[in-house]
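The primary structure of each chain is shown beneath.
2 protein chains.
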Amino acid sequence: MANKTVTSPKGFEAGGLACGIKISGKKDMALLLCPDGATAAAMFTTNKIVSAAVTVCKQHIKNETIKAVIANSGNANACTGTKGLADAEKTCVLLARQIGAKADEILIASTGIIGKHLPMPKINAGIKKICKTAKNTASAGADFAKAIMTTDTRPKQAMRTLTISGKKITIAGTSKGAGMIGPNMATTLCFITTDVNIAKPLLNSAFKEAIGGSLNKLTVDGHQSTNDTAIILASAVAANPVIRSRCPRYKKFANSLADLCTDLAKQMALDAEGATRMFTVVVKGAATKADAAKAARAVADYDLVKCAVHGADPNWGRIICAVGSAGVKLNLNKLNCKIGDITVFKNGRPAIFNPAAASKIIAAKEHTITINLDSGKYSDFCYGCDLSRDYIKINADYHT
Amino acid sequence: MANKTVTSPKGFEAGGLACGIKISGKKDMALLLCPDGATAAAMFTTNKIVSAAVTVCKQHIKNETIKAVIANSGNANACTGTKGLADAEKTCVLLARQIGAKADEILIASTGIIGKHLPMPKINAGIKKICKTAKNTASAGADFAKAIMTTDTRPKQAMRTLTISGKKITIAGTSKGAGMIGPNMATTLCFITTDVNIAKPLLNSAFKEAIGGSLNKLTVDGHQSTNDTAIILASAVAANPVIRSRCPRYKKFANSLADLCTDLAKQMALDAEGATRMFTVVVKGAATKADAAKAARAVADYDLVKCAVHGADPNWGRIICAVGSAGVKLNLNKLNCKIGDITVFKNGRPAIFNPAAASKIIAAKEHTITINLDSGKYSDFCYGCDLSRDYIKINADYHT
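Protein chains in written order, with my numbering: chain A, -2 to 397; chain B, -2 to 397.
Careful, some of the hints might be misleading.
Identical copies go unnamed one by one, so any copy, or any two together, can satisfy a pair.
[Claimed, not checked] Think about it this way: if two alpha-carbon atoms lie no more than 30 Å apart in a straight line, the pair counts; the simulated DSS-like pairs of lysine-lysine are:
no., residue 1, residue 2
1, K374, K164
2, K390, K132
3, K390, K263
4, K357, K291
5, K291, K326
6, K113, K343
7, K326, K205
8, K291, K23
9, K390, K165
10, K113, K59
11, K164, K119
12, K263, K197
13, K286, K164
14, K374, K45
15, K119, K343
16, K281, K291
17, K164, K45
18, K248, K331
19, K59, K390
20, K291, K126
21, K119, K374
Bear in mind the hints are in silico, worked out from the structure with no lab data behind them.
Given only the sequences and the hints, what does the whole structure look like? Please build it.
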């Protein structure tokens, strides 16, 4: 079987193990190595309160060369004050020592419970062990994907290959996140590796576009975490002539990266807390791009729509109500709505349709709700998932 | 027992019956009469898509004198086009004929399913019958309160008395709404009667303030319906010298009205779909009033906070995360949070507290979460309720 993990692109080693942060004994430490150095780009949460890892990572990402990424699950290291910040910095120092790098060549990410200090002796022992076990194998990559999970029921991984200047390029990635997911950014943790040779500003723009059109379009509960971090590392080992401009080779790479990120976003939607299915809301005919995005998100975030999707109920009234409350320009007399390819609302009035056929579309793993505002030429979309009793179970029965 | 219904103030008659809109056979038509005419004020949903009743009511409220309010439940008469609008107007005409009023002296409100036409023959027969049975008794007032209910499990009613210029003034009201409730406005349907003698502009401002500080501070799921309508009728039968300015008598009346509206808002929070308890989020130390309101609503609307309240879990991490994502000015190093009177977060860091004691506070019927942003002198609040499996049950198992 093909290696679809972060070790699939050339130039990377990975590992994942349990160092004792999670009381369950599950894997909680993940390491990604690029021994010869990688060009890197990253995006972070827009929450005003960020974890210590985000603060440190925002500094280190300025470096031209990155040699490793260390991530832990089970502890967010957020709201932990100056000690928390020192712990995140210390983690980078400990890893740097082991691999012969500088501390600011290390990127760091954390996810888990807020307000607890990291168990530094366990982190220290874990780092020593994980550096010895890191490999470039599929199973090591799979261990990495498992070690970043929290309430996820399964790892999310994706891989794409393409050819640039006659060289085979591989892009692979993994992400975690099942709750506390809202756009800008909605990624929780996401790590992408590629062996493409690309200049940092171009890697940055391709990554920004890819995340903007995928993970940042996903809402589970509209929540931003304090720890959201998405990182891409490019090892350049594929040895294509370096991509320095927005040339066709850049476009090819950027498209493939965007496709991979969309794949991960959809895997996250389908494994969202309590979710049984996902849906895409497409808004057309908006007066502005911002209106289109706002209306799409309003529908995807609307609990009553999410409940209707869970019940496979073609309840267009709730969709229209959500659109009306989004505060965007709309022409009610020409407002249209489709569930899949079935028109349920036309020219501001209920359309005659077969409810059983519409229900069948919603009951599938994925469906699309399309709304035309008839107020302009802009469109945008948002990914959402259904809201089930299990979301409540996961988030009410769980105790801090 | 004291009459705490809309017929308690002098000058009003009411009624409620089943005219056949609801297939359950439950009461679905409510009538409020003020035979000698009342001064009226109203507030409506800010959703861009509004029901036919809202469109008609916005016109009729401009009238100096109002003689009746007709409301139906089970059918929202929203997204029903020109026929829907004609039906709402026709309803006013039919009632006007029965009571010897002009059609524009009638206010109208609807609530229920979106996108279905009103069964006009049933409405016609219902109006004839309800006009004959309307009375100024407590049981007639109670019938009114029952006839506006949809998914409500119990009627919401409140009554206050006060003395103005030596005259006894009574204010009474009822409201309905259990889901699709978000601020601006969050009232679904609300009807208040009073026998005070007050000029229309003053009634309007007192009502705006009262709703602004009560029903508009309530969020169940952050949703605005297409039909939200709050109406107050003042019969002037108490015969106090008319209130024409913001004098101490005005203040007294306005305070009592605000208190009654808060009572109704809390009754709604406690009967919200699936809710088992409510909470008040108070935000202090905000840079602006808007920031305070935004942060308070962000916390009250945050599904993960609502789930934690359901589980009686003092999960301050979710509260702080919601505050951070509200996009308001805050000073993390001085950020404080209390659950009841227990400080759970102090100066940007977790406080040491007794989790069992905090859990006990949350498990009560009502509690307060207080957040200090340390960024200014403004404060505001929002009412919220917990999110339970029953919200999903009510909204996913229900089919259009």
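Outcome of the hint check:
1. K374 x K164: Neither way: K374 and K164 sit 40 Å apart in one copy and 62 Å across, limit 30 Å.
2. K390 x K132: neither (38 Å within a copy, 48 Å between copies)
3. K390 x K263: both (23 Å within a copy, 26 Å between copies)
4. K357 x K291: within (28 Å within a copy, 39 Å between copies)
5. K291 x K326: both (11 Å within a copy, 23 Å between copies)
6. K113 x K343: This pair counts as between: shortest inter-copy Cα distance 14 Å, intra-copy 53 Å.
7. K326 x K205: So K326 and K205 pass the 30 Å test inside a copy (28 Å) and across (26 Å) alike.
8. K291 x K23: neither (39 Å within a copy, 39 Å between copies)
9. K390 x K165: neither (46 Å within a copy, 51 Å between copies)
10. K113 x K59: within (28 Å within a copy, 59 Å between copies)
11. K164 x K119: neither (42 Å within a copy, 75 Å between copies)
12. K263 x K197: For K263 and K197, the Cα distance is within 30 Å only inside one copy (27 Å; across copies 55 Å).
13. K286 x K164: Cα proximity of K286 and K164: none, with 37 Å in one copy and 58 Å across.
14. K374 x K45: Intra 33 Å, inter 20 Å, cutoff 30 Å: inter-copy only.
15. K119 x K343: between (61 Å within a copy, 28 Å between copies)
16. K281 x K291: both (12 Å within a copy, 29 Å between copies)
17. K164 x K45: neither (42 Å within a copy, 54 Å between copies)
18. K248 x K331: neither (37 Å within a copy, 47 Å between copies)
19. K59 x K390: Intra 41 Å, inter 49 Å, cutoff 30 Å: neither.
20. K291 x K126: For K291 and K126, neither the intra-copy (47 Å) nor the inter-copy (47 Å) Cα distance is at most 30 Å.
21. K119 x K374: Close neither inside one copy (56 Å) nor across copies (44 Å); limit 30 Å.
Comparing the model with each numbered hint stated earlier shows that hints 1, 2, 8, 9, 11, 13, 17, 18, 19, 20, 21 do not hold.
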